[in-house]
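S.K.: As you go down the protein sequences, you meet chains A and B in turn.
Residues in the first sequence are numbered from 1 upward in steps of one, following this note's numbering.
Residues in the second sequence are numbered from 1 upward in steps of one, following this note's numbering.
If you are wondering where the hints come from, they were derived from the structure by calculation, not from laboratory data.
Possibly wrong hints are sitting among the right ones.
Which copy is meant is left open, because identical chains are indistinguishable; a pair holds if it fits in one copy or across any two.
As the list claims (entries may be wrong) - Using 20 Å as the maximum straight-line C-alpha spacing, the simulated SDA-like pairs for lysine to any residue come out as follows:
hint: 1; residue 1: K14; residue 2: M62
hint: 2; residue 1: K14; residue 2: E101
hint: 3; residue 1: K51; residue 2: H23
hint: 4; residue 1: K17; residue 2: E100
hint: 5; residue 1: K41; residue 2: S99
hint: 6; residue 1: K51; residue 2: R27
hint: 7; residue 1: K46; residue 2: A176
hint: 8; residue 1: K160; residue 2: I129
hint: 9; residue 1: K17; residue 2: R27
hint: 10; residue 1: K8; residue 2: Y57
hint: 11; residue 1: K17; residue 2: E101
hint: 12; residue 1: K83; residue 2: L181
Keep in mind it's a predicted model, so treat the numbers as computed, not measured.
There are 2 protein chains.
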Amino acid sequence: MANQKETKKEAILKAAKTLFWQHGLRRVSIVEICSSANVSKMTFYKYFANKEVLAEYLITEMLTNWHNDYRSVMNSDLDFTAKINQVIALEQQASQNMSEEFLGDIYNNEFVDLQQLITNYRDSYHAEIVKDMIEAQKSGQVRADIKPEFILYLLEDISKKVMDEKLSKLYPSKQAVILELTNYFFYGIINPANESHV
Amino acid sequence: MANQKETKKEAILKAAKTLFWQHGLRRVSIVEICSSANVSKMTFYKYFANKEVLAEYLITEMLTNWHNDYRSVMNSDLDFTAKINQVIALEQQASQNMSEEFLGDIYNNEFVDLQQLITNYRDSYHAEIVKDMIEAQKSGQVRADIKPEFILYLLEDISKKVMDEKLSKLYPSKQAVILELTNYFFYGIINPANESHV
DNA sequence: GTTTAATTTGACGTTATTCGTACATTTATT
DNA sequence: AATAAATGTACGAATAACGTCAAATTAAAC
Numbered sequence: 001m002a003n004q005k006e007t008k009k010e011a012i013l014k015a016a017k018t019l020f021w022q023h024g025l026r027r028v029s030i031v032e033i034c035s036s037a038n039v040s041k042m043t044f045y046k047y048f049a050n051k052e053v054l055a056e057y058l059i060t061e062m063l064t065n066w067h068n069d070y071r072s073v074m075n076s077d078l079d080f081t082a083k084i085n086q087v088i089a090l091e092q093q094a095s096q097n098m099s100e101e102f103l104g105d106i107y108n109n110e111f112v113d114l115q116q117l118i119t120n121y122r123d124s125y126h127a128e129i130v131k132d133m134i135e136a137q138k139s140g141q142v143r144a145d146i147k148p149e150f151i152l153y154l155l156e157d158i159s160k161k162v163m164d165e166k167l168s169k170l171y172p173s174k175q176a177v178i179l180e181l182t183n184y185f186f187y188g189i190i191n192p193a194n195e196s197h198v
Numbered sequence: 001m002a003n004q005k006e007t008k009k010e011a012i013l014k015a016a017k018t019l020f021w022q023h024g025l026r027r028v029s030i031v032e033i034c035s036s037a038n039v040s041k042m043t044f045y046k047y048f049a050n051k052e053v054l055a056e057y058l059i060t061e062m063l064t065n066w067h068n069d070y071r072s073v074m075n076s077d078l079d080f081t082a083k084i085n086q087v088i089a090l091e092q093q094a095s096q097n098m099s100e101e102f103l104g105d106i107y108n109n110e111f112v113d114l115q116q117l118i119t120n121y122r123d124s125y126h127a128e129i130v131k132d133m134i135e136a137q138k139s140g141q142v143r144a145d146i147k148p149e150f151i152l153y154l155l156e157d158i159s160k161k162v163m164d165e166k167l168s169k170l171y172p173s174k175q176a177v178i179l180e181l182t183n184y185f186f187y188g189i190i191n192p193a194n195e196s197h198v
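Take these sequences, add in the hints, and give me the full structure.
M.R.: Structure representation (structure tokens):
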């Protein structure tokens, strides 16, 4: 019954995402989204109050998707190193999903509400990661004398470094960069005592 | 003396090119170009009457660059197959230089003068290519019974096919696609009598 | 150090674009 | 045939972009 409504709404979301990801928020107009989604302007306003609300929807969707992926990784039966590998891969594709153009637009222009939204999600997710790291320390998978927040910092740092062009030039592929970085990461934090047990 | 003028002008051109290539003509404003080039609006109008004239400058630059490259290839001492290989490579990087966003914007919106400019250059270059192909026929490097305009058509067709995603999926890399296409191209047009002479 | 030229700044009126809403019409659904 | 959903057009209001100007600042040249 509400099936075609979903179709229209999804068409708007899909078109908006493509345009926002490519050009950011400021450069894309509502009518542009509508004509790209083959939808009239009124239908747009039936589902979204304005452009910012639509962006809010997309951001929320994206961030909760990330969170679900993260949780399913952390709840899996993989060993800790495999989990972290997966998480790094997630961070990787998440930062690719969130295009520079989109984020830059949000932060360079006066979309304060969206900034706040992202910040809130980030904070909550980061707290969760830290909690997971503390748990990993308790079970002996991570050095006990390392500050959990520092691990979080390292994870973010790795994401940045993967994008670093100077670093990329030292390796044949981005895969190689990631491998090097994760190796470096593990030999720094993995509990040697725990490893020898395996 | 006119050295710093060049610097300012070039800064504008560089910034504009980056922005145009990413977002097209319509989405980019003059003040945006200026602030990206660290130049005031007045300086912009000192060098360019408006946005369209600036785009005209960039397009002309790009197309004449292509032409110079093409001529230096065709005037070289390479044999015919090597020349065509180079030309295909040129077409390749030219279509990458001219971003979809930029060209699409010119043709979807009312930038009629720019459309005309591009068309004129294309026509003139195409005539030149056809002339070169007729020359290649006379010197026995290309089958005499093939229509020169058809060779031009094939060259453009190869450029399109390289971009074709369906085709790309059949090969491990874009290089492999190009190799396959050029091989196909040569075995179709190369004069077997001439080859056996070598 | 003064003069001269180049560049920037801020403001301006004008034009174009975008926004959000309203209503009559058309297109689907049931 | 009746009901609901979606469209197209038009609208005033708000915003953004355009192109121009004179005055102020900075840099270069003498």
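S.K.: When no copy is specified for K46 and A176, does a C-alpha distance of 20 Å or less occur within a copy, between copies, both, or neither?
M.R.: neither (48 Å within a copy, 49 Å between copies)
S.K.: At most 20 Å between CA atoms: does that hold for K14 and E101 within a copy, between copies, both, or neither?
M.R.: both (17 Å within a copy, 19 Å between copies)
S.K.: Pop the pair K83 and L181 into one bin, within, between, both or neither, using alpha-carbon distances up to 20 Å.
M.R.: Within one copy, since 15 Å is at most 20 Å while 43 Å is not.
S.K.: Go through the copies and call it for K17 and E100: within, between, both or neither, with a Cα cutoff of 20 Å.
M.R.: Both: 13 Å inside a chain and 18 Å across chains, each within 20 Å.
S.K.: How would you label the pair K160, I129 (within, between, both, or neither) given a Cα cut-off of 20 Å?
M.R.: Only inside one copy: K160 and I129 sit 18 Å apart there, 47 Å across copies, limit 20 Å.
S.K.: If the cutoff is 20 Å on CA atoms, where do K17 and R27 land: within, between, both or neither? Let me know, please.
M.R.: both (13 Å within a copy, 17 Å between copies)
S.K.: Since the copies are identical, ignore which copy is meant and state whether K8 and Y57 lie within 20 Å (CA to CA) inside a copy, between copies, both or neither.
M.R.: within (15 Å within a copy, 42 Å between copies)
S.K.: Using 20 Å as the alpha-carbon threshold, which applies to K14 and M62: within, between, both, or neither?
M.R.: Classified as within; 13 Å inside a copy, 34 Å across copies.
S.K.: Pop the pair K41 and S99 into one bin, within, between, both or neither, using alpha-carbon distances up to 20 Å.
M.R.: Classified as neither: same-chain Cα gap 26 Å, cross-chain 29 Å, threshold 20 Å.
S.K.: Please sort K51 with R27 into within, between, both or neither, judging by C-alpha distance up to 20 Å.
M.R.: both (11 Å within a copy, 17 Å between copies)
S.K.: As a check of your reading, is K51 near H23 (CA-CA no more than 20 Å) within one copy, between copies, both or neither?
M.R.: both (14 Å within a copy, 19 Å between copies)
S.K.: With identical chains treated as interchangeable, where does the CA-CA distance between K17 and E101 reach 20 Å or less: within a copy, between copies, both, or neither?
M.R.: For K17 and E101, the Cα distance is within 20 Å both inside one copy (12 Å) and across copies (16 Å).
When each numbered hint is compared with the structure, violations occur for hints 5, 7.
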